[in-house]
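Model the full structure from these sequences, guided by the hints.
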Amino acid sequence: MQAELATRSRQFTRARRPGAAEAVAGVLALFFLVSAIAPQVLAPGDPLAIHPLSAFTPPNFAHGFGTDESGRDIYTRVVHGTQYSLLIGAAATAIGLSLGILLGTLAGMFGRVVDFTVNRFLEVLFAFPGLLLALLFIVIFGPGVATATIAVGLSTAPGYARIIRAQLRSVRSAAFVEAATVLGRTRWQILLRHILPNTLAPLFVLATLGIGQAIVWAATLSYLGLGAEPPTAEWGAMLSAGRTYITSAWWMSFFPGLFIVLTAVTATVLGRSIDRRMRHA
Amino acid sequence: MPRVLARSLRRLTARLAGAVFVLWMVATVTFFAVRLIPGDPAQAVLGGPGSQASPEALAAVTAEYGFDQPVIVQYLAQLGRLATGDLGTSYALNMDVAPLVLSQLGGTLLLAVLALTLAWLIALGLATWSTRGGTVASRVGSSLEIVAAALPHFWLATSLIVVFSIWLGVFPPISTGGVAGLVLPVLTLAIPLAGFLGQVMRESLLSALESPFVLSARARGESERGVRWIHALRHASLPAISLSGWAFGSLISGAVVVETIFARPGLGRTLLNAVTLRDVPVVIGVVMIVAVAYILMTLLTDAASRLVDPRLRLA
Amino acid sequence: MPAPIRRLFATTAGIVALGLLVAGCTPSGPNEPVGEPRSGGTLTYASGDAEPSCLDPHVGGNFPQALVSAQYLESLVSRDTDGKIIPWLAESWTPSEDGLSWDFTLRDDVTFTDGTVFDAAAVQANIAHLQDPTTLSSTGYLALGKVTGTEAVSPTVVRFTLSEPDSALLESLSQPWLAIESPTALKRSQDENCAAPVGTGPFIVESWVKQNAITLVRNDEYSSPPEDAGHSGPAYLGTVIWRFIPDSASRYAALQSGEVDVIDNAQPDTIVQAAQSDSIEHLDSPRPGASNRIELNSGQAPFDDVRVREAFIRSANVDDAVSSLFQGTATRSYSALSSVEAAGVSNAALFGYDPAAANQLLDAAGWNETDAAGYRVKDGVRLSVEFPVSTNQSIPAEQSVFEQIQATAKETGFDVTLAPMDLSSWYAALASNDYDAVSAPYTKVGPDVLRILYHSDSIVPAPSGYFANLAQVNDPAIDELLTTAARATDAAERTSLYADAQNRILEGFYILPLYDQQNHYLLRSDVVGMRTLPTVAVPTLYDAWLNR
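Protein chains in written order, with numbering that gives the first Met the number 0: chain A, 0 to 280; chain B, 0 to 314; chain C, 0 to 547.
In short, the hints are calculated from the structure, not lab data.
Just to be clear, a hint being listed does not mean it is correct.
[What the hints assert, rightly or not] Subject to a maximum C-alpha distance of 20 Å in a straight line, what follows is the list of computed EDC-like cross-link-like pairs (lysine to aspartate or glutamate): (1) LYS145/C x ASP478/C; (2) LYS409/C x GLU228/A; (3) LYS145/C x GLU163/C; (4) LYS409/C x ASP45/A; (5) LYS186/C x GLU163/C; (6) LYS145/C x ASP102/C; (7) LYS409/C x ASP362/C; (8) LYS145/C x ASP362/C; (9) LYS209/C x ASP95/B; (10) LYS209/C x ASP227/C; (11) LYS409/C x ASP478/C; (12) LYS145/C x GLU55/B.
[Said to hold, decoys possible] Output of the computed footprint for chain A on chain B, the stretches with three or more beta carbons under 8 Å from beta carbons of chain A: (13) 138 to 149; (14) 154 to 162.
No residue lacks a Cβ here, since even glycine has one placed at the ideal position from N, Cα and C.
Here it is in structure tokens:
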């Protein structure tokens, strides 16, 4: 996610009308939104209904994406799984961002001692392998969508904090902040009215980019056997289950994988597009 | 230059103090986190969870390792050992942690360094190609990067095994030594990372190519290739360099999965086993080593940034 | 031994038909005549089980240790495929009239690979080693629970004295966890002995690079194969490389590409694929002791009511799950014991899928309301079943079986929560009684495993919190049958007592049997003559040779 800080620094020379990529991303985003809010509209079946005797059916007319090891329809599961995966992606990113904002603001705004302390704290978090942090958290608090989400959120927080701190520092030295200081505004007024709005706007973009990564992280926890509780139709869990049968039933991992990638791509394309627009607004 | 020397010395001391603090905190957090995990550490000593250790054996182990002591006493004892460079004895493996961890370090470092290098090469190649080739190339490059960055390691690894080991039979599916066995694990780690680095590099390369110093270089009549390689890339690689410290940390997380799938000895696999078995000394040992490696890597990337960007040397 | 840490990352499961189940101990594929065995060569074995922390199976005592130690250590007795105890390092044995002392006559022509002579004193040293608390033995220690002492009657006769008759003594002694090691080597420090135990077996531990491989070399002086071995004299293979590949997909890929010659813990879908391959053979050898079964915690609600237990069992469509997920590689079990145990009692009638009967039973038991989600409710409490699942001990196919049981039980109104856990968390959940249903494999030679799993003494937790009677069967009649059977000196009486005990257990609906403990090996077709020891179904590479 830090990667996107640099991405953001790119200046575009002209505003553009939505391109083909943005149009496609928009349609996909709509599809994902409907899937998350009203999956029954797109896939009327039951994502948990088992049909052991029609297990491992390759994609065909009745099952567009094939069936899994218990004969459940993969298309139905993928659509119904959108809510979990988007929730994990969005909630984990929100947790990571909130913590990041808290720590980053502390470090960026409250003098050298606080900055030093928070920075050391961040270094400690950075020095931890992110996966270990997530693993320990899940082993301590038990598996499930909620713990996986918090675990992923926690392990992404230090990255956000660093970006926000850097952002704050550059905004703080900007001319309009100096002007406000000269005008005698209090520190809190400056923070709330001038600095935070200018720092947080770009964060929206960062957030859209983090979603895909959070889903991928959660999938890795599923591979380690510590993700969503079965039979939840979470994409990571489906991908992980399908990986087992990759040589005999490719469709079991291909479609959940495709949806993870599509979500990440959609979020990135939309994020960049919004970023561009905000810049020219 | 005594003043410069004094300043360098001060900076070095501050750095060292910071590093020691980070290591101390890492050890503390790990110690208490592992203590919170359900399960009895004495079981780890006695052949793993579920072994029906006799009461005598359990009592003996509990006394020997001091598991009946208050947590704070155990913590201080652990710290005391760490301060003298003693990583303790593994509960499960019956051997000293330091040689165990050091023997696993090489394999993981090799994997991480190769993956980082390859990711850099791929990212550089993709970035220069796609910025030169117009909008289509730019879009293709950008899409490749986004897709690559969204690939979970465990799935990519299995797909690579299916294609290169089972179908084509060119690379072995397990990595037990030898150059051929390194190819798939390194690719697994490098591809998603290249997606990240590539996005960063391409964007900063684009902005660099439009910046005043490149324009002036062009105006001076330098060749396009010279402009690209010397000025623009140098500028564009800065954020990617500073990202490499972070990337190194994420490679260790990736190594947990990759070493398991490719049956490669290494820190990642050791760490995962140790967490599963509640082998506290090994968990702490691995985390400490990774923390040291991370700190060194941060120093290296700082130095590299200074080397690449002369402005930083003055700061 | 509660088949521990079977694999850190079991993955994969499967498909398609493949008959040949039973206690088949020869490869199932076409094994054409291949001519005279050839000596020499290196065989690479890839295990999906966790790497042992100690190569001496006296220490702790788990399945991964048994797998590798069977190549370099030997026991006093063995067991043939019919379940009969046969001589190995002991030539013959006689119990006293009262069953309180046993004389074992030992072979006089065997030496350990460090040159030490195998004799009565060596056996004594091993029993002492197993019973010494500092050895930290658990499996071997428990198996010797009734042994109070040993005595060297002569250099070739050793006498065991018991506190009470032990009908399982020979079966216990046949296990790899009670193998005989060189007394000279046992005097070394535990660390040294763990790194390279010394026995009388066909191979010698040459080196062990942790987290990489164990290297075994041929014992050229070998002279003590068990009666049922395929040849005599030294082994054919020159060297054995023993690797650990935890990921099942990688393990199978390594076998396919010829990087390794034998793999264990083969998953159903790879077994099915292998059946279609000319270059890979399948060896199926179910483990002895208990079957794989779901145990229902009768110690607390809702399963303290036999009607609710029966309702759960009747509501679970196990047959469809097993046939779709294991596709012929596993046969449905209706017994508490493995199909290799001759004393096993099977009763299919008790375990049929019958949702109508399940509904009636639940109504009768007072679970006759239904909440909005469709689950049954009694006194405002939902009919929920906590089911912790060890992702180490249950392969993906088995986890999917549980998911299908969850789905079919839901139709009757059970709310089953499957909680995947790592091994330590799983044991912790069991120790704190946080479960209503659980599947825990248990391997031991002989029907005495019933006493460990279903005697009320086994509800009392060990200091670690571990207890083996996870169904929490607390029935004085069963206790009485199991205790008497363990003391029985007459074989027929013993079998009949165990049959009565099993009938009570099955009819009490404490367990839902699924299938045997799956134990599948896949090997390259040019590996000839590999078999498994009928004791605990671990492979022995003594007869194996490479036809290449």
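Evaluated hints:
1. LYS145/C x ASP478/C: With a Cα-Cα distance of about 17 Å, the restraint between LYS145/C and ASP478/C holds, given a limit of 20 Å.
2. LYS409/C x GLU228/A: Holds. LYS409/C to GLU228/A sits at ~16 Å (cutoff 20 Å).
3. LYS145/C x GLU163/C: 6 Å, holds
4. LYS409/C x ASP45/A: Holds, because 14 Å separates the two Cα atoms, which is no more than 20 Å.
5. LYS186/C x GLU163/C: This hinted pair is violated, its Cα atoms lying about 30 Å apart.
6. LYS145/C x ASP102/C: 15 Å, holds
7. LYS409/C x ASP362/C: 15 Å, holds
8. LYS145/C x ASP362/C: 47 Å, violated
9. LYS209/C x ASP95/B: Given that 20 Å is the threshold and the Cα spacing comes to 12 Å, the pair holds.
10. LYS209/C x ASP227/C: 33 Å, violated
11. LYS409/C x ASP478/C: Measuring from Cα to Cα gives roughly 34 Å; hence the hint is violated.
12. LYS145/C x GLU55/B: Given pair LYS145/C, GLU55/B holds - Cα atoms ~17 Å apart, limit 20 Å.
13. 138 to 149: holds (count 6)
14. 154 to 162: holds (count 4)
Checked against the numbered hints above, the structure breaks hints 5, 8, 10, 11 and satisfies the rest.
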